[in-house]
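On the provided structure of chain A, position chain B as indicated by the hints.
In the order they appear, the protein sequences are chains A and B. Just so we're aligned, residue 0 is where the first sequence starts under numbering that gives the first Met the number 0, counting upward by one. Just so we're aligned, residue 0 is where the second sequence starts under numbering that gives the first Met the number 0, counting upward by one.
The hints are simulated quantities; they were obtained by calculation from the structure and are not laboratory data. Please read these numbers as outputs of a predicted model, since none were measured by experiment. The beta-carbon is built from N, C-alpha and C at its ideal position, and this holds for glycine as well. Do not rely on the hints blindly, as some may be mistaken.
[Claimed, not checked] DSS-like, lysine-lysine: derived pairs with alpha carbons at most 25 Å apart:
#	chain 1	residue 1	chain 2	residue 2
1	B	251	A	251
2	B	251	A	149
3	A	251	B	149
[Stated by the list, open to error] Derived list of chain B stretches under chain A, where covered just means 3 residues or more per stretch with a C-beta under 8 Å from a C-beta of chain A:
#	stretch
4	181–194
5	215–225
6	238–251
7	255–268
[Unchecked claim] Sample of chain A residues lacking proximity to chain B, with all beta carbon distances greater than 12 Å (derived):
#	residue
8	38
9	55
10	81
11	84
12	114
13	117
14	143
15	155
16	187
17	197
18	264
The primary structure of each chain is shown beneath.
Protein chains: 2
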Amino acid sequence: MPDHKRRKEDRVGTLIIIGGHEDKEGDREILQEVARRVGKGKLVVTTVASHEPEGYFDTYRKVFKDLGLKNVMGLDVNERADAVTEETGKLLEDARGIFFTGGDQLRITSQIGDTQMEARIREIFASGGVICGTSAGASVMCETMMIEGKGGESHRIGDLRMAPGLGLIRDAIIDQHFAERGRMGRLLGAVAQNPRVLGIGIDEDTTIVVEELRYFTVLGSGAVYVVDGSCVTHSNIAEGGEDQILSIYDVKLHVLSKGDAFDLQERRPLDACKLDPGSKAQDSSPIPEIENPRAASAASD
Amino acid sequence: MPDHKRRKEDRVGTLIIIGGHEDKEGDREILQEVARRVGKGKLVVTTVASHEPEGYFDTYRKVFKDLGLKNVMGLDVNERADAVTEETGKLLEDARGIFFTGGDQLRITSQIGDTQMEARIREIFASGGVICGTSAGASVMCETMMIEGKGGESHRIGDLRMAPGLGLIRDAIIDQHFAERGRMGRLLGAVAQNPRVLGIGIDEDTTIVVEELRYFTVLGSGAVYVVDGSCVTHSNIAEGGEDQILSIYDVKLHVLSKGDAFDLQERRPLDACKLDPGSKAQDSSPIPEIENPRAASAASD
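Chain A on its own, in the form it takes in the complex (with noise of 0.2 Å):
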């Protein structure tokens, strides 16, 4: 194998995480930009995340033949013991990407953390793999995940439920549905529990595109918020009650919309214009084949 190739394989992948009800009947910016970036390869759609997983997959499965995929498997999860099958281990043995499907992301954490699932799933992505989710799939990315707290209404301090996540991403706490279920708040509060986490809230048919964990691009029709608790100056999230209602000061915040992008590292929006283009959410280069993942795994260990 030549050493650029492999250079290539050895970085981590992409993470495609959608704030939920992606458009599937327009122009399908997003699903299209999952269906490029796994190109030729094999995508496996796992509905992990429902309770009544039935004919969730027959419609990404339509969508995403109709946007060239010729290898689109299904993956349901009932319970963990699904998770750690050889059937499960062949379906995943060669497969590019992953979409996690919407519902309850404490489901995904409970069934396929740490399993052999889950494993292989870090494998495809430490790889160049493409992992993605929407809703709870998007939810469940984090280190630390939302699993409960109110929309519509400002934030009280002991609204709040989080569990652990996959931790595909680090240091930062993903909400959905953002604008549209009205959750400023509840993403405040989080963010206000440590600051260290940047809150990233991504709207309904909305995604941001994370390369290599470096940074994102935003695709879409709505907006993604970033709050960025580093300079806040005073909460009372540790002395107020559960019922009162949280301050905060001195939160700095971003709004983005399709084509804008954000440095994780940095913190700090990015102009688009000055990326990798390469890279670029919004290019339409193709993106490098790893027709075997694990065997490309295996040699970056």
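Relative to chain A, chain B alone:
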């Protein structure tokens, strides 16, 4: 009249700006503060904002009577001619407080803008009186007010409609029913148009008590969001198309709750404990009475 008394009367008064749906049956914290400020004076409740004012005044009269106000009068303005009658003039002559109920802010300005009624309200304010408004009555306080703009979604550049307000508070734009109707997007849109204006989003059953236009304190069960665009580094508001989603970088956001205070001149949250105790909203000391604000106003001209 002793000098010290004239100085007190010379000062600009108080604005009590309420985000709508203030509690009228429980502890009525906000309306109690209105009553405390009006004290032994006359409060005029005007339903000019409402297309169907029937019943509005009765509800407020009952609550304010329960809260100890002796002199509560209703003032409906069905058409512009009502704002210049001798009767209206008499009703307002010795008023210490005005309360604008909810409805449509454009009804308030189109009915009373540039009338004797408006002039008299300014006089009451200029001579230390209390001007209150809830919902539409809150928005109308600004120089430039929002009259239309979607909630529950991110802001599209062409979505906002503005109109000239009463201008009792300058360099600020006020939105109401804030978290409940998911209005962060439209407030960001308003601030992006001209970061000279500070965005103030007020939740339902929540109020800011603005003292002499210098600072405000927060009361009620929700939050107040202050959007400061003075450090914004980029927005697409001028270049973007009408349907384009707003991008805006480096907004400063403060979330304040009951007991918090904010310095309007410095644009900084204030330590409420450091406020002049005589003018704190939470303080229960009596407010100096103005028996005849018109006379006081004349004296100060």
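*Check each numbered hint from earlier against the structure, then list the numbers of those it violates in ascending order.*
Result: hints 15, 16 break, sorted rising.
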